[in-house]
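Q: For the record, the sequence lines run as chains A and B.
Each residue of the first sequence is one higher than the last, beginning at -4 in our numbering.
Each residue of the second sequence is one higher than the last, beginning at 71 in our numbering.
Since the hints were derived computationally from the structure, they do not count as laboratory data.
Predicted, not measured: the structure shown is a model, and the values here were computed from it.
Be aware that one or more of the hints could be misleading.
[To be verified] Pairs of lysine-lysine, BS3-like flavour, derived with a Cα cap of 25 Å:
(1) A:K265 with A:K77
(2) A:K152 with B:K226
(3) B:K313 with A:K220
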Amino acid sequence: MKSIFMFKTAVIAAASFGLASFSTASLAEDTLRIVSWGGAYQKGQSVGIFQPAAQAMGITVKEDTYGGISDVKLMVKSGADKFDIFSSGAGGCASGGAEGILEKLDYSVIDVSNHLPGMYSDYCAGADIFSVVAAWNTETYGDNGPRSWADFFDVEKFPGTRAMRAKVDSQLEAALLADGVAKEDIYKVLDSEEGIDRALDKIRSIKPHIAVWWTSGAQHAQLMKDGEVDMTTGWNGRFDVAKLDGAKVSYDWKTGIMDWEGYGIPKGVKNKDLAMKYIAEMMKPEYMAEFAKYITYGPTNKLVYELNLMEDSRARQMPSHPDNAKHQMTLRTDWYAKWRTIAAEKYTEMMTE
Amino acid sequence: MVELEQNLNQAALTQLARREHYTFFGLTLPYLVLVGAMIIIPIGWLFFLSFVGRDGSFSFENYERMINSKAYLRIFITTFKISILTTFFCALFGYPLAYFMSQISRKWANICMIGVLIPFWTSLLVRTYAWLVLLQKKGLVNSVAVDLGLLSEPIKFVHNTSGTLIGMVHIMLPFLILPLYANMRAIDPHCVKAASSLGATPTRAFWTVFFPLSIPGLLAGLLIVFVLCLGFYVTPAVLGGGKVIMAAMKISSNIELYFSWGAASALGVVLLVVTMLILLIASKLVSFDQFGQRS
Chain A
-4 MKSIFMFKTA VIAAASFGLA SFSTASLAED TLRIVSWGGA YQKGQSVGIF QPAAQAMGIT
56 VKEDTYGGIS DVKLMVKSGA DKFDIFSSGA GGCASGGAEG ILEKLDYSVI DVSNHLPGMY
116 SDYCAGADIF SVVAAWNTET YGDNGPRSWA DFFDVEKFPG TRAMRAKVDS QLEAALLADG
176 VAKEDIYKVL DSEEGIDRAL DKIRSIKPHI AVWWTSGAQH AQLMKDGEVD MTTGWNGRFD
236 VAKLDGAKVS YDWKTGIMDW EGYGIPKGVK NKDLAMKYIA EMMKPEYMAE FAKYITYGPT
296 NKLVYELNLM EDSRARQMPS HPDNAKHQMT LRTDWYAKWR TIAAEKYTEM MTE
Chain B
71 MVELEQNLNQ AALTQLARRE HYTFFGLTLP YLVLVGAMII IPIGWLFFLS FVGRDGSFSF
131 ENYERMINSK AYLRIFITTF KISILTTFFC ALFGYPLAYF MSQISRKWAN ICMIGVLIPF
191 WTSLLVRTYA WLVLLQKKGL VNSVAVDLGL LSEPIKFVHN TSGTLIGMVH IMLPFLILPL
251 YANMRAIDPH CVKAASSLGA TPTRAFWTVF FPLSIPGLLA GLLIVFVLCL GFYVTPAVLG
311 GGKVIMAAMK ISSNIELYFS WGAASALGVV LLVVTMLILL IASKLVSFDQ FGQRS
């Protein structure tokens, strides 16, 4: 009995040793690790982009989820080696770049010549365009939900519970739009503490009606699915996926605040060159078109439209479709670079009042 | 001659005693090294980092920020309020249960103990989300109560302070019950019988004999629960719905916001210092040693 046990142990030890040496060897040469936000979003990325692109290059790509640019910071500053590429909003990349924790992207390797204007930056290669919208429960309001931010902030015309984001991002823009500021003037007004306070006061005015401050896309989709709140701010794609799943949810593009997501590389990763090539591969229009089948986030590469890689009916559901984009405002990451910390502290102060 | 022998003996004894001291010190050395490496150095590092500004130089900016923004004070008040309330409710529910378990036969007590321990072994995240599913607006509790006509409209159990407390009390209860039950089992049942034989009513016997003897276990449990609550993150984040912001949540969001350890470390330092002050004051008001000796 004992000898059998010892034999087994030896086999397991040998096998795990073999596996370990095999995996380190492959990690060094042709394996990349990419992290994103999980949920319906990453599922679309995985099936539409990450795995097909890896297959085309003959490499292995391992996926995981992460908590945003602060995780990149933790990894780089502590010298850990956990992932080679991350998926992040343009604003997150911009602040990470300013902190010096990201590798500058090499646009002689990554082809962005067909990108929509402004949809890539030094540290972020744009991959998809999404919008923050006001979503409502169609069981509560039918088709006549809050079709503008003014409606969202009007608790008399639209009684019911609301949810807003626990972080400042894109919430102040919504509040100012509700307060009657034109979309082209939003960042002019927000460019001072008084402007930020004005937006915060607008949120304060409906605070008793805010039942939940959400922290993730999965959460606000779930809030609508469960009917926990009657309306919420959130990302359009999550609501579309929830709707397919049976959630009673709708939104109007007139509330849209457009923003974009892309890929970045943490400073000092060993596989930098391969990561760069892999990002270049992921920029190809066919992957973006495939991704957009799973979640309604529009491509940054305009070849998707020019080569008709997406059916017209699907293209019309994208935030970046001209018919939808014309109603929306575009989020400006330079405002966040300048004001984020001040605005975020004031926002937390407002939340804790 | 005898005197000399005695002196020699004394010298040998002293030497032996000294050697014993060194041996004991040598035996505790690994522990001291461990404490130094795992607690003292990291906490010292935490204090040091809290004085490093965003540009890397020595600065008080991390502390100034806490004074300038009212949010920080409110967050600390929330943290202590939630921790004190959780500790209070744990004692309220935990003490009778531990008492009950200590009075029944060991066999049944063990079965009760399994009931206490199984949730204890279940993932904290799973239990927290389970409460959310049960208690939300269209959750199991509200929909059953509304369907049966017990409620005219759903009660807001979660996404507020009450939801946070329900979740945290549930998660913390075993931490109170385990030391308390161990203490109550160790109380000699003859003491209570003696009190009864001297004419004390059951209530009187409980309050004058049993309860004082159970205080060391109760205090140990309260202390564990209170200190663990101070650092809670997941449960208030999920069940508080953004309305219950505790120190741990602000520490995490400060790392994200300032990209500097200092902004988070300073919060940790303040939490640590305030906690130690509270425990110091508590130990002055309630003498822990006194109860320790009595048991």
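Q: Confirm or reject each hint.
A: How the hints compare with the structure:
1. Only pairs whose Cα atoms come within 25 Å are accepted, and A:K265 paired with A:K77 is accepted, the gap being roughly 11 Å.
2. For a cut-off of 25 Å, the pair hint linking A:K152 to B:K226 stands: about 23 Å separates their Cα positions.
3. Between B:K313 and A:K220, the direct Cα distance comes to roughly 21 Å. Compliance with the 25 Å bound is thereby established for this hinted pair.
Of the hints listed earlier, there is not a single one the structure fails to meet.
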